[in-house]
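Participant: Protein chains in written order, with the working numbering: chain A, 1 to 406; chain B, 1001 to 1406.
Derived by calculation from the structure, the hints in this document are not laboratory data. Heads up, some of the hints might be wrong.
[As the list claims (entries may be wrong)] Pairs of lysine-lysine residues, derived as DSS-like cross-links and limited to a Cα-Cα distance of at most 30 Å, are as follows:
hint, chain 1, residue 1, chain 2, residue 2
1, B, K1398, A, K129
2, B, K1129, A, K110
3, B, K1316, B, K1110
4, A, K110, A, K209
5, A, K129, A, K25
6, B, K1025, A, K88
7, A, K129, A, K88
8, B, K1025, B, K1088
9, A, K221, A, K209
10, A, K398, A, K209
11, A, K110, B, K1088
12, B, K1316, B, K1332
2 protein chains.
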Amino acid sequence: MGLYVYKFGGTSVGTAERIRAVAGKVLAARERGDDIVVVVSAMSGETNRLVALAQEMQEEPEPREMDVLLSTGEQVTIALLCMALRDKGMLAVSYTGGQVRILTDDSHTKARIQEIDNERIHSDLSAGKVVVVAGFQGVTESGSISTLGRGGSDTTAVALAAVLEASECHIYTDVDGVYTTDPRIEPRARRLERITFEEMLEMASLGSKVLQTRAVEFAGKYNVPLRVLSSFSDGEGTLITYEESEMEKALVSGIAFNRDEAKVTIEGIPDRPGVASSILSPVADANIEIDMIIQNVAADGTADFTFTVHRNDYRKAYEILSSTCRQLGARKVSGDEQIVKISLVGVGMRSHAGIASTMFRALAEEGINIMMISTSEIKISVVVNEKYLELAVRTLHKAFDLSEAG
Amino acid sequence: MGLYVYKFGGTSVGTAERIRAVAGKVLAARERGDDIVVVVSAMSGETNRLVALAQEMQEEPEPREMDVLLSTGEQVTIALLCMALRDKGMLAVSYTGGQVRILTDDSHTKARIQEIDNERIHSDLSAGKVVVVAGFQGVTESGSISTLGRGGSDTTAVALAAVLEASECHIYTDVDGVYTTDPRIEPRARRLERITFEEMLEMASLGSKVLQTRAVEFAGKYNVPLRVLSSFSDGEGTLITYEESEMEKALVSGIAFNRDEAKVTIEGIPDRPGVASSILSPVADANIEIDMIIQNVAADGTADFTFTVHRNDYRKAYEILSSTCRQLGARKVSGDEQIVKISLVGVGMRSHAGIASTMFRALAEEGINIMMISTSEIKISVVVNEKYLELAVRTLHKAFDLSEAG
Chain A
1 MGLYVYKFGG
11 TSVGTAERIR
21 AVAGKVLAAR
31 ERGDDIVVVV
41 SAMSGETNRL
51 VALAQEMQEE
61 PEPREMDVLL
71 STGEQVTIAL
81 LCMALRDKGM
91 LAVSYTGGQV
101 RILTDDSHTK
111 ARIQEIDNER
121 IHSDLSAGKV
131 VVVAGFQGVT
141 ESGSISTLGR
151 GGSDTTAVAL
161 AAVLEASECH
171 IYTDVDGVYT
181 TDPRIEPRAR
191 RLERITFEEM
201 LEMASLGSKV
211 LQTRAVEFAG
221 KYNVPLRVLS
231 SFSDGEGTLI
241 TYEESEMEKA
251 LVSGIAFNRD
261 EAKVTIEGIP
271 DRPGVASSIL
281 SPVADANIEI
291 DMIIQNVAAD
301 GTADFTFTVH
311 RNDYRKAYEI
321 LSSTCRQLGA
331 RKVSGDEQIV
341 KISLVGVGMR
351 SHAGIASTMF
361 RALAEEGINI
371 MMISTSEIKI
381 SVVVNEKYLE
391 LAVRTLHKAF
401 DLSEAG
Chain B
1001 MGLYVYKFGG
1011 TSVGTAERIR
1021 AVAGKVLAAR
1031 ERGDDIVVVV
1041 SAMSGETNRL
1051 VALAQEMQEE
1061 PEPREMDVLL
1071 STGEQVTIAL
1081 LCMALRDKGM
1091 LAVSYTGGQV
1101 RILTDDSHTK
1111 ARIQEIDNER
1121 IHSDLSAGKV
1131 VVVAGFQGVT
1141 ESGSISTLGR
1151 GGSDTTAVAL
1161 AAVLEASECH
1171 IYTDVDGVYT
1181 TDPRIEPRAR
1191 RLERITFEEM
1201 LEMASLGSKV
1211 LQTRAVEFAG
1221 KYNVPLRVLS
1231 SFSDGEGTLI
1241 TYEESEMEKA
1251 LVSGIAFNRD
1261 EAKVTIEGIP
1271 DRPGVASSIL
1281 SPVADANIEI
1291 DMIIQNVAAD
1301 GTADFTFTVH
1311 RNDYRKAYEI
1321 LSSTCRQLGA
1331 RKVSGDEQIV
1341 KISLVGVGMR
1351 SHAGIASTMF
1361 RALAEEGINI
1371 MMISTSEIKI
1381 SVVVNEKYLE
1391 LAVRTLHKAF
1401 DLSEAG
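Can you build the whole structure from these sequences, using the hints too?
Facilitator: Right, dumping it as C-alpha cells:
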C-alpha cells in the first residue's frame, strides 16, 4: 500500500480500447490498496492534428495560443479516462494543469514548473478517488495556459510524485524497461532491473528514447524513484534511483547510440588565440547545437577543428564553416553525414580503469575505425562510420558481458 | 464606433478557410473603429466526435467529465481564431469560459450562468485587443468546467454583451436573417428588418431554428439588441429588439411551423376531478414534454383528452396512456404521428381582433382541416395533417400579405 503516480503516454491512450486497458491497470492497483494519481498525454496523433490546424492559421503560430490549442489534447484524455475508471466502478476526478495549479513561468510552449498545489489531490485521494491529471500543461501566474514542451507529461508526473511524496513514479511506455542496448540491434540485450539517475540521464541524452532528459533530471533532483514499465504487458520494468551500495556493480550498464549525427571539419586554420570562438560563435548564433568538439594542431602550426551536429543541421553548419574558412584564410572545409555516436554508460567507470582500452581494442579487432572520442565521468563515446553501427554495438555488448544470463 | 459582441457557430468556423473569413469580418469592424469581442463554438463535427468517444467509455458518461471533454471543442476554436486574427495584423487574446470567470451553477452539461467578470475583457479592449471567448462553457464555484447545453454559445454571447453593455450582439449563422417563414417552403418569404424579443421567442420555441430560446430570453431580460446575420455574405440581417413606436406595425410578423409533433388522445374518460392530473403525471414522470392540451366533455358525461408531444416521444407516450386508460376505465387510446403545428406570430395581435377568423377562413377555403387550436397573446397555433404543411404556410403567407414587396 502506498501512493503511486502513473504516467501513460500517447500510444498507451491512443484508442478507446487502450484507455480501458489503462483503467484496468489502475483497478488492479486500487485492489492492492494503493492510492493512484494518473498523468496522461494526448491520444497519439492528436497533437500532430492540432499543430497542422495551427499552421494553416499562422506561419509561426502565437505561442500563447499554441498552448491554448495543444492543451486540449490532454484534456480530452483525462475526461475519457475518468469515464473509463467510473465505468469500472472506481471514483475518479480529472484536473487540467491549471485546475491543480501547476504553476509555471511565462515561457509558452516550453514553460518550467515552479510550484504545484497538492492539497486538492490529497483530499481527493483521502476520499477514495483516483485523480487524473493532464500532463504537459500548467498555468502562468496571470492565468494563461502554458505547456511544458517535449516530454512534458513525464515532467508533470515526476513533479507530482515529488510534491505528493509518492512511493514511486511509474512511466508506462511501449517498452518493458530500460535495456542494456536497443534489442532491435542486439537481440540478446538484457532488461536492467535498476539503473541510476545519472546513467539514465546519459542514456537519454545519448539517444535512448525511453525517457526525456528533463523528467530524469527532475526525478534525480527531488529523489523520486522512477520506474519504466510497459503499458501493454505486466512486469517489474526498470527502477531508476540513486546509487545504492547493494546495487549490481557492473562496469558498464548500457550501450547507447545516436544515428542523428554528422561532423564537419575546418582544416589548416592559422592557430592563434580566439580562433575556436570565431569558428563556433557563428554556428551558435544560427541556433545549431554542437555536441563533440576536437581540435588538432599540425606540424606546420595550423590547426584542424572538427565538431558534430544534428544531421538536420549539417548543410547549414557546412555553409557557415565555409564562410568562416574564407574569413580566416583556412585551407578547406570537409564533412561527413554518415557517422554515428556509440556510448558506453556506467557508474562503474568512476572506480574502474581500463574500460576505454577494452572498448577500443574490441572495436579495432573488428576493423572499426574510431573517428572521434569523448569521455565523461560515467561515459565513453566514440564516433564511427554508420555502416559499423550494428557490428559495433554487438561487439561491445559482448566485450562487456551485458547479455542475458544463460 | 462601439463595442460589439460577435458570435460564430460551428458551421461558420468549420474549416481553416472559414476561420480566416471570420477574422476578415473582425478586421473590417476594427477598421470601422469598433471594439470587438468574439464568441465561438466548436468546429462543426467536433462535438459529435467527442460525444462518440465518450460513449465508447461509459454508457452514460459522467456529466462533470463530459463537460471537461466537450469544452475542448471551443478551446481549439478560440486558439485558431486568435492565430488567424494575429496573422491579419490584429492584437488578439483568447479566453476559456473559466478564464473570464463565466461563473455557473453546478448543473453539469446544462449549467446556468450566474456572473461574469468583465474587468479583464475591458482592459484588453482598452489595450486595442480583439478578445476571443469560448462559447458554451463556464466554471463552477469550485473550479470545475461546466457547459451550458444546447445553444450555449448564443447564451454566452448575449451574457457577455449584457455585462459589457455592448451596442449590439451579432449572431452570425448560415442564414442572413429572420424570415417571415422558411424560404424553402415559401420562396416569397421576406427577411424581417426588425422583430421583437417576444416574437422571436415564439418563433424559436415554435421550431424556427435561427436562435435558441434561452439566448433570446436572456437578451430580452437584459435588453441586449440582438442581430442575426449571415457569416457567408454581407447584409444588415434582422435586429431583435424591444417593441418601438416607429416599428413596422404588421399584424403578423411571421409564420413558424414544427414538424416534430405527434398527438395522442384518450377517449371516454369518466369525468371527475383530478382526472387530468392522473393522465398527465405519469407522462411528466417519464420526462416527456407536453405542448398543446385539449379536453372535451361529451354528451354522455365522459371526457376526451388530447395532447401533443415530440414525435420521438410518441411511442412512449402512447404506451403510458394505454396503461392509464386501463386504470381509469376509459374507452380507448388513439394517436397520430403525421401532424404539424403551424403558428402565426406577431405583436400586432395584441391590438387587433379578427386575425384568428382570417386564419381559419383561409385554411378552410383550401380544405385544410384544423385538428387543434391554441392561442397566446401574440400567437395562434393550429395543428393540421402534415400533408398540408406547405399549402397551409403559403396560404397564410398570402392571406396576411407577408411577401416581398413587388
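Participant: If a hint holds in the structure, say so; if it doesn't, say that too.
Facilitator: Here's how the hints hold up against the structure:
Taking the CA atoms of K1398 of chain B and K129 of chain A, the gap is about 64 Å. The hint is violated against a cut of 30 Å. This hinted pair checks out: K1129 of chain B and K110 of chain A have alpha carbons roughly 25 Å apart, not beyond 30 Å. For the suggested pair K1316 of chain B and K1110 of chain B, the alpha carbons sit about 24 Å apart, so the restraint of at most 30 Å is met. Restraint check for K110 of chain A and K209 of chain A: satisfied, since their Cα atoms lie roughly 19 Å apart, inside the 30 Å limit.
A threshold of 30 Å between alpha carbons decides the hint, and for K129 of chain A with K25 of chain A the separation of about 15 Å falls inside it, so the pair holds. Of the pairs offered as hints, the one joining K1025 of chain B and K88 of chain A is violated, with about 48 Å between alpha carbons and a cut-off of 30 Å exceeded. A C-alpha spacing of about 13 Å is found between K129 of chain A and K88 of chain A, which places the hinted pair at or below 30 Å, so the restraint holds. As the CA atoms of K1025 of chain B and K1088 of chain B are separated by approximately 11 Å, the hinted pair is consistent with the 30 Å bound.
Of the supplied pair hints, the one linking K221 of chain A and K209 of chain A holds, its CA atoms being roughly 21 Å apart against a limit of 30 Å. A threshold of 30 Å between alpha carbons decides the hint, and for K398 of chain A with K209 of chain A the separation of about 23 Å falls inside it, so the pair holds. Restraint check: the Cα-Cα separation between K110 of chain A and K1088 of chain B comes to about 26 Å, which is no more than 30 Å; the hinted pair holds. Proximity of K1316 of chain B to K1332 of chain B is assessed by CA-CA distance (about 16 Å); at most 30 Å being required, the pair is judged to hold.
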